[in-house]
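Peer 1: Letter by letter, the chains look like this.
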Amino acid sequence: MKQSTSASPPASGFTRRKFLQGSGAAAAATVLATTGGEALADHHGDEVIAGETTITLHVNGQNRQAVVEPRTTLLEVLRYQFELTGAKPVSADGSSGASTVLIDGKPMMASTLLALSVRDKKIETVESVSQRNSGAVPAAFVEYDAQQCGFCTPGFVVAVRAFLDKNPNASEAEIRAGLNGNVCRCGTYANVLQAVIALVKGGPRG
Amino acid sequence: MANVQYQWPSASAAQLLGTRQRRLDGADKSTGAAKYTYDVNLPKQLIVKALDCPHAHCRIKSIDTSAARRVPGVVHVHVIKTPKKDADGNTVLPEVLFQGELLVAVAAETEGAAAEGVGKLKVEYEVLEPFVSEEELDAAVQAQRAKEGRPRVSIQAEPDDDVEDEEQFENDEIERLFREAKYVVEGYYGIDAITHCCLEPHGTTLHWQDGRLVAYLSTQNVSGCDDGFAAALDMTADDVDVHCEYIGGGFGSKFRPDYWGIAAAEISKKTGRPVKFMLERDQELMIAGNRPSGYLNVKLGADEKGVVQIWDSAQWGTSGVTGGGVADKWIPYVYEPPNYRRRSTFITTNTDQSRAWRAPNHPQACAMSQTAYDDLAAKMGANSYDIFERNLKHISSRQKAEVYAEEMKIGARLMDWQAKWHPHGKGPRRGSVVDGLGMAIHMWGGGANASTCQVKIHPDGGVESYCGTQDLGTGTRTICAMVLAETFGLPISAVNANIGTSKFPFSGASGGSTTVGAVAESHRRAGQDALAQLCEKVGEKLGVKPASLVAAAGRIHVAGKPDEGLSWREACSLLGMRPLEVTATFKRGQKTPLSDEGVGGVQMAHVEVDTATGQVRVKKIVAVQDMGLVLNPQTAESQIYGGVIMGIAYSLFEQRIMDPKTGAFLNSNLANYRLPRLGDVGEIVVEIYEPPDQRERGVIGLGEPPVISGGAAISNAVCNATGVRVPVLPMTPDRVLAAIKSQGRASS
Ligand code: FES
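Quick mapping for you: the protein sequence lines, in order, are chains A and B.
Sequential numbering of the first sequence, starting at 1, is according to the working numbering.
Sequential numbering of the second sequence, starting at 1001, is according to the working numbering.
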């Protein structure tokens, strides 16, 4: 296990895929935070981490230790080290929304976040998010049959929870405009829409 | 024991069948608890990633794996595409015929190490000329990639016609029919190739246990893939267990272990470690399933009422490296004019071979022909509804014309068709926006596949069942439990229905809408057989004829006299010490009162087109569908919603875009392989058509039909809105604008 602090962050300009195929020898967490679409404030300054290192992640209310390399994504840690397989690997670039998790309450794609970049963040996965408000979101998904194969569903459930937290009284038009980050190949959108409309109508439980 | 008469309860007697039931695994799916193949993590498993070929056509000159092997964390490198020796012992370089084919697999401790290993592989290629321009028939002919099929001709000869030279006769007759036709329409229509794009990619997580292979496989063919592994690995199927509790999409692309599944088994054997080998997203799009493209020129002739009398078409397209394309058998679709000539040309391209895509051939056939029927309506200045209805005179569907007519009426009411209708291109304009209506009809078989179910009734009243089927998200698991619960007069929660492994009795692959019929057959038969045996015991105990007994509301009692009987548990206690085990089998195609085949359906679309931007927005879709006896309206409706949305997807969004120069699949990622999102689907109204005479037919599969007619319906609606045919699906904004421009009717 090596850990060192030196040098300035590497220049940006490589793609994530190339990066993942790179040596994994050294990279600064700060650069990669920007791939999340939103710059995450980094509390680790100019630190450079190389090779494997053990970090602590705050996941679903617990501090858990993970062994990561700079290139290790949050999604890999969740799925391979924490057995939290609700967030799904569908598209590494996050365009499917299937790996949606909440980072400090905001929906983000675990597939585009490096594990190092979410130290000190509150990470919530579907396994925990789905239980909030007495499990109202999954209950509505079941009631309105908003899952077929179900592979997109956990991502959708997290996205819906985050959307409702922000828009508890959303109109149908707002729902249609606000839940477009998730792809469903089986075509459950009509059912998801019904479920979310019912959740809004359901008031506080929703 | 008396012979059991297999039958469904009447609508009034049924307690569960026909009622809305929540799917049993909905909560597991929506909380993330459901474990898919990708989610199964075996102790000490290796992650496998593969190098895919960047060229659409090339020969592999050499592969150097040494640098990859040196990557920390890489445990094993497995060359998939190995050189072969010819008859003279000379080495033959492997040829790759489409981009994405997997060449070398790297097994490593982590995803990162596997990816890095893949990045370190060195391959020398000899690049060869690719051909992927499937829409360009002339180019295909020139590149010697085109092969003509046998024309199919049917001309109604008059009794005194001289049919000595058949071809001359056909030509003369076709000419005569067009001369006599009141209306003649000529058109060009097409539909691009799309992919299956399952959200859970193809792949497997597997390990060897004492010489036996245990494979978690994302498959729609649980009972058939043990044989698939066994055949490829030179072993027998008894030494393979396939498991698939949950599958993240299949749509016709996941029937086999595939060569990467076999590679996974080989790597696992070699390393002595469990292996997870799932395709990457771009690989999933490039090599794990696509639907053939189709393009068609047609001239049709109709009488004064708009009934088509002669259809003369020439079509082409591809299903990939081995040629093939959309079967002309379904052209024109559902409708079958008295006279027709259909010619097809099959093109070979450097793209992966197609796989069955939900309703093989039908969506393309519908989109390439019912658009022409709509153009006939446009030419006549007629209401499309009337033309679609009048042509029901000549159909080739196993569903009856009267059923289609009835479904059209229902659809028109739900769409408010007559009030919204305007002749093609003559609707009101709001700025640059116009709106329009379109419709189309479809058909499908959906007969039951083979299936065996074993039912166990325990002396304490517990009920469990075993069937080697799978639930693709259609609600199969729920149907299994519902059918047994109905049969035994129990609540669904009292039945433990087990599916999803090849260890259970054989059940056919889920393809062609055959699963609901299959499991309804096997579970009802096993249930009725078991109940008959239980009734023997109860009859003996109560001193009544077993045939007089029924199972309802948790009791077995004399029909009409709930008090003369036993509770379910009391009845089961008569079994003694051992559970009652009953197995029943349904053979595909056998005569049966429980299931049938042949459905119809109608879809109507209302769209808005912005003639300035080319953007098409679906306002509303109405889908009317029959399926015989509806077991669970809740999940049936979901299937129809899903089919409609997939129809919107291939009508307006998704297409495989190939680079004609390099043969590269340009949009093999979800950011650019566009699929509709929640905000793109408008209002969808689903109506299940189940009058008593349809219910009596028994169960018929539903998976495919609702995905078929959306393409033609939406295309027709765009044409009705703009007065211009956008010939090829998907109708992307650039194509809509090009079509408008080419007909000089762009908004001013
Ligand atoms: S339910 Fe299958 S992808 Fe959404």
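Any given hint could turn out to be false.
[Claimed, not checked] Have a look at the derived ranges for each label pair, beta carbon to beta carbon: (1) B:G1576 - A:P168: 57 to 63 Å; (2) B:E1126 - A:V67: 55 to 61 Å; (3) B:N1496 - A:V67: 36 to 42 Å; (4) B:S1573 - A:D104: 44 to 50 Å.
Calculated directly from the structure, the hints in this document are not laboratory data.
By construction, the Cβ of each residue, glycine as well, lies at the ideal position given by its N, Cα and C atoms.
Peer 1: Decide, hint by hint, whether the structure agrees.
Peer 2: Going down the list of hints, with the structure as the test:
Taking 57 to 63 Å as the suggested C-beta distance range, the pair G1576 of chain B and P168 of chain A conforms, at roughly 59 Å. Remark: the range hint 55 to 61 Å for E1126 of chain B to V67 of chain A is contradicted by a beta-carbon distance near 43 Å. For N1496 of chain B and V67 of chain A, the hinted distance range of 36 to 42 Å is satisfied, since their beta carbons lie about 40 Å from each other. Between S1573 of chain B and D104 of chain A the Cβ separation comes to about 58 Å, which falls outside the hinted range of 44 to 50 Å.
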